[in-house]
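Residue numbers (this note's numbering), protein chains in the order written: chain A, 1 to 61; chain B, 1 to 483.
Hints listed in this document are in silico derivations from the structure and should not be mistaken for laboratory results. Among the clues, some could well be false.
Claimed, not checked - A short, non-exhaustive set of chain A residues, derived as facing chain B with CB atoms under 7 Å: (1) ALA9; (2) LEU16; (3) VAL18; (4) CYS19; (5) ILE20; (6) PRO21; (7) LEU22; (8) GLY32; (9) PRO34; (10) VAL44; (11) PRO48; (12) LEU51; (13) TRP52; (14) SER53.
We put the CB at the ideal spot given by N, CA and C, even for glycine.
Residues per chain are reported as follows:
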Amino acid sequence: MVPLRVLLAAIPFAALTVCIPLVNRIEPRIAGLPFMLAWILAWVLLTPAFLWSIGRVERRW
Amino acid sequence: MTDPPVIALTIVGAILIATIAFALFSVRRITMDPQQYIVGGRSFGTILLWVLLAGEIYTSFTFLGASGWAYGLGAPAYYILAYGACAYIIGYFLLPAIWRVGKERGLLTSADFFADRYDSAALGVFTGVTQFLVLIPYVALQLSGLQLLLRMAGYGRVDATFGVSTAFLLIALFVFSAGLRGTAWASIVKDALVLAAVIFAGIVIPVQFFGSPAHMIDQVLRVHPGHLTLLAGTSSHGTIWYVSTVLLTSIGFFMAPHGFSAIYSARSEATLRRNAMFLPFYQVVMLLVILAGLAALLIVPGLSGTAVDQSFLLVVQRYYPPWVMGFVAAAGALAALVPASAQLLGAASIFAKNVLGVFGIATGDAARTLATRVLVVVVAVLALGYWLEEQRTLVELILIYYNGVVQFLPGVVAAFGFARVSAWSVAAGIATGFALVVFLTLSGTPLGGVNPGLVALAGNVAITALVAIFFPRRAHRYEPIAN
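Produce the entire structure from the sequences given, and follow the hints as far as they go.
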């Protein structure tokens with residue numbers, strides 16, 4: 001059983017690394033950005049939310 | 001009307017001097033002992049640490065390189081946007097552990113960490129000398145970034161070598177006086193100016209030339225179809241390259257020798273966790289830099305080779321007034337000099353503590369502060385001399401730096417969870433890793449698109465593990481990384 005905090009760390013990490021070959025395309029454009037660029041940007045901006053959740057799980061804040 | 005280079009360079013000079021004055025004023029009441037000078041007295045709160053980390057991490061080459069990659073290669077530049085966020089995920093777990101050891105054992109440098117965790121002064125000297133040697137070309141790289149910016153601000157009519165040398169020696173004297181805390185305060189100005197410059201370059205320029213960033217991207221897709229997607233699989237800068245490079249650069253991210261001092265400077269573990277959480281937002285800056293590179297591709301097409309690094313500066317130089325050029329170049333110059341100041345301090349403190357200190361030289365508090373200060377200036381002169389001599393081979397050395405610093409990672413991770421790993425296994429692993437990096441980088445051995453640093457890291461881990469299996473460490477002293 002993978003601990004929840006490790007899972008929460010692995011999701012954005014995987015989205016920004018091993019998932020990239022799957023999203024390597026232009027369409028659909030999001031806010032004018034090519035899909036892959038929008039995907040990377042979205043996950044970069046979601047990363048703080050995941051790290052915050054890990055902190056909650058660890059009862060750090 | 002005054003000459004454009006005079007206006008632009010005057011602005012650069014004035015901002016540089018004002019930044020130094022501001023930082024010196026902010027640290028004027030601080031008494032410097034080694035703890036204060038090298039790691040800011042372990043007292044930085046969330047905001048000052050955030051500014052310092054952003055100040056150290058995002059260098060002029062991050063900006064020039066990212067826009068240059070977006071210009072020359074397109075989609076591969078996206079890796080620069082992604083790897084920072086991945087690094088901060090790792091940092092959330094790794095940084096508090098490194099800090100805790102530093103606090104408990106009174107560590108000041110990354111070589112200290114190795115010497116202490118593996119109970120071996122010899123390993124401290126080995127890692128210290130290795131780190132010192134990789135830092136010198138890295139400092140020199142900042143000088144190349146600075147030279148490029150000063151040339152652009154001089155509109156090609158001014159020889160920048162004198163300006164680079166002067167600015168750099170000024171920064172060395174600044175570090176001599178102000179230490180890490182000075183770098184942190186100077187980072188405030190740097191980060192603010194850089195933010196203004198990238199908003200201008202990544203939003204204002206696309207809006208003025210194309211109506212909006214979205215229209216600009218339409219045009220990139222029309223003129224250069226294929227520029228904004230990665231090539232498949234094993235091609236050069238293809239998807240395998242992308243994944244392996246993000247993996248390598250994110251796990252090696254916090255292994256920069258001067259980075260450990262910044263980690264130790266935190267007030268608490270919580271400060272570091274909050275920083276890991278907030279730093280991904282800074283990555284948005286890199287999106288704007290990528291957009292600036294794409295704008296330059298359409299506005300000033302046809303650049304190739306290393307000239308792509310100046311692409312968006314060329315747009316500013318050709319189409320905007322000299323004062324805009326001055327502010328953009330000043331932001332870039334600070335993005336070269338502020339990280340350089342941290343690197344100088346890092347190299348000097350490693351040499352003072354982990355090399356001189358081991359041989360019984362300058363071990364008292366006052367003597368160590370003085371030795372570190374003098375070494376800051378010595379390192380600066382060395383790096384400057386190196387840069388003046390070796391400008392051409394710099395690019396290759398930088399590849400070695402990036403792929404090289406990650407080779408310290410197995411030793412850091414093993415220090416927290418693998419009691420069998422001895423100083424000898426770590427040293428053998430680092431030596432193997434560096435040998436592989438130098439060989440693979442210089443020979444250009446094809447690896448099916450996989451980043452050579454990652455291959456070298458695999459060799460490093462294998463050798464570290466083999467030595468640990470056959471010659472395990474006897475004394476057990478470690479604490480697990482997770483708690």
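Cross-check of the supplied hints:
no., hint, verdict
1, ALA9, "holds, 5 Å"
2, LEU16, "holds, 4 Å"
3, VAL18, "holds, 6 Å"
4, CYS19, "violated, 9 Å"
5, ILE20, "holds, 6 Å"
6, PRO21, "holds, 4 Å"
7, LEU22, "violated, 9 Å"
8, GLY32, "holds, 2 Å"
9, PRO34, "holds, 5 Å"
10, VAL44, "holds, 4 Å"
11, PRO48, "holds, 5 Å"
12, LEU51, "holds, 4 Å"
13, TRP52, "holds, 6 Å"
14, SER53, "violated, 10 Å"
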